[in-house]
Every structure is written in structure tokens, then in C-alpha cells.
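With the sequences and hints as input, model every part of the structure.
Residue numbers (our numbering), protein chains in the order written: chain A, 1 to 348; chain B, 1 to 231.
Honestly, the hints are just simulated from the structure, not real lab data.
Do not take every clue at face value.
To be verified - Partial list, computed: chain A residues near chain B (C-beta under 7 Å):
#1 G89
#2 V95
#3 S96
Unchecked claim - Capping the alpha-carbon separation at 25 Å, the derived lysine to any residue pairs in SDA-like fashion look like this:
#4 K107(A) - P41(B)
#5 K220(B) - V241(A)
#6 K220(B) - R203(A)
Said to hold, decoys possible - Chain A regions said to be covered by chain B (calculated; three or more residues, Cβ under 8 Å):
#7 58 to 69
#8 230 to 236
#9 334 to 348
From the three backbone atoms N, C-alpha and C, an ideal C-beta is built for every residue, glycine too.
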Amino acid sequence: MAEQPLILGIETSCDETGVGLVRGTTLLANAVASSVDEHVRFGGVVPEVASRAHLQAIVPTLERALTEAEVTLDDVDAIAVTAGPGLAGALMVGVSAAKSLALALDKPLYGVNHLVGHVAAEQLENGPLTEPVVALLVSGGHTEILHVTEIATAAEMLGQTLDDAAGEAFDKVARLIGLKYPGGPHIQRAAAEGDPAAIRFPRGLTSQRDMSRHRYDFSFSGLKTAVARWVETAEREGRTVPVPDVAAAFQEAVADVLTHKAVLACTERGVRTMVLAGGVAANARIRDLTRERCAAAGIELRQPRLSLCTDNGAMIAALGAAVVEHGLPPSSLDFATDSSLPVTQVAV
Amino acid sequence: MLLLAMDTSTPAVTVALHDGDRTVAETTTVDARRHTELLAPALVGLLAEAGADRRDLTDIAVGVGPGPFTGLRVGLAAARTLGAALDIPVIGVCSQDIIAHGVRAAGADAGMPFIVATDARRREVYWAYYAPTGERLAGPQVGPAADIASSLPAEVKSAPLRAAGAGALLYAEAFAAVLEPEYPSAGDLASAVVSKAVPIVSPEPMYLRRPDVAPPSPRKSVLTSMRSTAH
Ligand SMILES: [Zn+2]
Numbered sequence: 001m002a003e004q005p006l007i008l009g010i011e012t013s014c015d016e017t018g019v020g021l022v023r024g025t026t027l028l029a030n031a032v033a034s035s036v037d038e039h040v041r042f043g044g045v046v047p048e049v050a051s052r053a054h055l056q057a058i059v060p061t062l063e064r065a066l067t068e069a070e071v072t073l074d075d076v077d078a079i080a081v082t083a084g085p086g087l088a089g090a091l092m093v094g095v096s097a098a099k100s101l102a103l104a105l106d107k108p109l110y111g112v113n114h115l116v117g118h119v120a121a122e123q124l125e126n127g128p129l130t131e132p133v134v135a136l137l138v139s140g141g142h143t144e145i146l147h148v149t150e151i152a153t154a155a156e157m158l159g160q161t162l163d164d165a166a167g168e169a170f171d172k173v174a175r176l177i178g179l180k181y182p183g184g185p186h187i188q189r190a191a192a193e194g195d196p197a198a199i200r201f202p203r204g205l206t207s208q209r210d211m212s213r214h215r216y217d218f219s220f221s222g223l224k225t226a227v228a229r230w231v232e233t234a235e236r237e238g239r240t241v242p243v244p245d246v247a248a249a250f251q252e253a254v255a256d257v258l259t260h261k262a263v264l265a266c267t268e269r270g271v272r273t274m275v276l277a278g279g280v281a282a283n284a285r286i287r288d289l290t291r292e293r294c295a296a297a298g299i300e301l302r303q304p305r306l307s308l309c310t311d312n313g314a315m316i317a318a319l320g321a322a323v324v325e326h327g328l329p330p331s332s333l334d335f336a337t338d339s340s341l342p343v344t345q346v347a348v
Numbered sequence: 001m002l003l004l005a006m007d008t009s010t011p012a013v014t015v016a017l018h019d020g021d022r023t024v025a026e027t028t029t030v031d032a033r034r035h036t037e038l039l040a041p042a043l044v045g046l047l048a049e050a051g052a053d054r055r056d057l058t059d060i061a062v063g064v065g066p067g068p069f070t071g072l073r074v075g076l077a078a079a080r081t082l083g084a085a086l087d088i089p090v091i092g093v094c095s096q097d098i099i100a101h102g103v104r105a106a107g108a109d110a111g112m113p114f115i116v117a118t119d120a121r122r123r124e125v126y127w128a129y130y131a132p133t134g135e136r137l138a139g140p141q142v143g144p145a146a147d148i149a150s151s152l153p154a155e156v157k158s159a160p161l162r163a164a165g166a167g168a169l170l171y172a173e174a175f176a177a178v179l180e181p182e183y184p185s186a187g188d189l190a191s192a193v194v195s196k197a198v199p200i201v202s203p204e205p206m207y208l209r210r211p212d213v214a215p216p217s218p219r220k221s222v223l224t225s226m227r228s229t230a231h
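Structure, rendered in C-alpha cells:
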């Protein structure tokens, strides 16, 4: 069998500059430069800070990926890049670099969807997916349930957050209880010492009425406000805020609503495989509860390692590989970035 | 030699090829919002027009701004990536210097000092001040066009300020005369580099402004706001 084409993937939709190299579903390199440290003092990703960092990191990260994979640019058969969704100015750095690379190498370029890329990343971990799958994507930038019937061509958004992303909720609650940015790891650490049942925080969009209109959607702003109210009331009454309990109860509320709705999507759509991805999928409680509930519902849970869960170039290369294998035409060199690219558009 | 020159620091996406003797091809498209879409096809068209192959390129020169950040980065990311992929050197030139070279090439300076001012948005311009020799005497800086005169050395303050660039057109009332060109041209960039008429800098963006952000504000009470809306 002839060797599968070598795909180079570029990702710059948020605060990670990623360049990955992939053949089919085999991972060869996954180089990432993160600007997360530059965002700490702002308590969240600042688009202009991220865009500046992408420009500085893009060529060094490309070189690192080539070294890691022990290949040269001449070996590359096609280039894939995140066309959206994401931060407009950040996307443009990656797309400009990818177009230039395609031009310099005279190789086809594929602009692809970041969200579907998260699902494609799983194929680098455990081999080809058997579609259809439901994907639960949770990160600082997005919170979605996708229904993927064919990775290269057909994905549908079943539900998404109406306000904050799950990761943003972690960041904001961390700040409320005096923990650092990014909130995810700090809340998880504090929660390990706390009682998740100590406080009952609300599960957004789970009332009967919401379940008819927003069956697979999420909302975390009410939860965030509930935590703020609880903390402030305790402070006013002169009580010490039990940070571990608040962290554990908050984390439980997020894990509960995420996994409940994702499992529901699987059972209602008759889908037997769930993919869990995105940076927040690193949270141990979210992982454990997803595994538990999938097992109880007879759903196979697939999850890539953390470095493939967070934003990276390998996931974009993986999706590019699927698109190439499917025989889809390359993108035209004049394609635009689309900060709200719909998930139905797997490739542009 | 075959020098590829480009600048995306203004609404103009401009690219040119120079063979050491002359500019052999040049394309400029003005559209402030479509730099990412326009640049790569412009480069393909440029090579085709000159009958050149990408592997014929020997050098890349890019305008480093100052200019609106997002568009500016499109050109810098392209120049750096092309340079790395083709393994050829990439140099930078201050984008104001490119316009200044255009002013002098057209004889629009009439032997007098002049300003180059480009649109920095937020009612400000990126500006620099040039001697008739083409030497940059002040700037680039960012600020309101009306404040340029007071930022200049005392001996030139009294002279009427003549300015080129889209910032001069936009705030014409701040200047005694508006000169051509409105935007930098990659042809001017290429000939300025070949004739060594401009300072060469590394291909690093000139932002002149910090990212527009503030650290998070202190926590606001949610209880009071709830109470006031509850009844
Ligand atoms: Zn992501």
C-alpha cells in the first residue's frame, strides 16, 4: 500500500499556536506554543495579545514540528489550516502563513473547521472513528454538542452555550473564590478537598420548559451568579468561605449538566460513540462522570490525550487528512477566515 | 536577483517584483477588510505576470508598519513564512518610509520637508517627518494630526506642514497641503530597497500602541443588584 499523504496542520484560533504533522490517522508531530502566561494578569484571553504571540510563534513552531517529525517541507503533500471559528485577528495569522506555505511549496491548501478538528484529533489517539459520533467539546472558548455523521463532510451542531463557555465559567468562578487563572486546574485542585454535595448550585437550561427549547444547549451565567451570591452572602454573614466546597459543588454542577445533555444526545440520536475533547475535558471530574454515565448508557467513550484535547495543529492536520482522503477539492487561495464558521462547513 | 516586496500596513494590499534593475510587476488592491483574502492570490498573479516561478525569488522585503494591527500581521506572517519555506532572507522597512520614498520619487516634496501620515483609526494618525533628502527626522509616532506640529523641533514648527498619506487626506485641515501618494506602493518599497534609499530593519511589526486591555476590575456585588431588581 502506498504511504498516505503527509498533511501539515496549522491552528491559531485562540491562544495556542499549533503546527502538527499527520499521515492518515498517524500522529508524527504536535508542536504548540501557548501565550496563556501572557493572559494571566487579564484573567482571560486578550485577542490582540494572542494575535501578536501567534505572529512571533508561527515560524519557530513550524520548524519545531518538522524537526519533531523528522521531515522537511518538501515532504509535505498538503496543508490544512483553521479557517474558523475563533478570534478573527488570531485566525488571520495562521491562514496567512498557511496560504504562503501552500504557495511556496505549490501544494494544495484546505481551510477547515476548528470544532470538527477537535473530533478528528481523536483518530490520532485510537484510530479511525466509526461514525456517527456525538462529540462533547468543552474549552475556554467553546462548549458544544456536535453530531458527526461523516468527519470530512457532515457535522451538525446539536447544542451550544448561550453565554459563557465552560472554561470561562471556571475562570470566573475561580476569581470569585480567590483562585488563579486559568481556573480549571485550580478549581479541580481545590475541589479535591471539598464536598460536592455541600451546596446545590443550579444546572442551567435543565427545567422542563428549557429542555423543550434548549434541549442540548448550555448556560453557565446563572450558575456563576449563584456562586457569586452564595460567596457574598457567606462573607456578609462573617463566615469563612469554604473554598474547597464551593469549588467542588460548582465543578459538580458543570460536570452534571455537560454529561447529562451529551449522554441524552447519544441516546436520543441512537449514537453509540461519544468523543470528549477540548481543554476542559482535562478536568478529572468531568472525565470520570462522562465515563460513568456513558458506561451506564452503553455508549463507547473515546477521548484523546490532553495534548490532543487542547487546541493544537495536529487536530487540524488530522481533519485535513480526512478531507484529502475523501477527495474533496482544495480551498481557493482567496478564502476568508470566518470567526463564526458554522460546524456544517467542515472545509471551506 | 528577484526581490518580492509587499506591504499590508494600510487598506492597500500591495505586492511587487524587482529584478535589480526595475520593477517588473506590481499589483495594488485597496480594501481595508480583505487583506487575508487578497494577498495570496495577488502573489500568484504577480509571479504569473512576471513569468517567474516562486523558486526564482531571492529576497523578500516587507513593510513593518506602523499600521492597523490585523492587516499589518497578514503581510508579516506571509513574508516570514515565505522566507522560511523558500529559505531566502526577509528584511523589513518602516511603511512610512515607503510612502516617503514615493513622495520623493514623484518629486512631490518640491525640495521641502514633509510629513507622512497614515490612518491609525481612533481619530489618530501614524506619522513621521522627513527632510528633503528623504531622511526621517522624527517618528514614526501615533497621535492626533492636529498635535503633529507641536511635536516637531522648534525651527520647523512655523513652516507650513505638507503631508502625504491617507492620514493627510483624512485630516487635511491639519496640513497646508496634501501630497501624493495616499498609500505605500510595493514598487516604491522594492526600488527603495534596491537603491539602498531606506533604513533596513528586521521584519518585526511596529505597533506603537499596546494591546487595548485592562486587568479585571474588582468584584461587583451581585446581592445589591439582585435586590434592586427583585422588587
Ligand atoms: Zn478549541
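So, going through the hints one by one against the coordinates:
1. G89: Holds, about 4 Å.
2. V95: Hint on V95(A): holds, closest Cβ of chain B at ~5 Å, below 7 Å.
3. S96: holds, 4 Å
4. K107(A) - P41(B): holds, 14 Å
5. K220(B) - V241(A): It holds: about 17 Å lies between the C-alpha atoms, which stays within 25 Å.
6. K220(B) - R203(A): Holds, at about 23 Å.
7. 58 to 69: holds (count 4)
8. 230 to 236: holds (count 3)
9. 334 to 348: holds (count 4)
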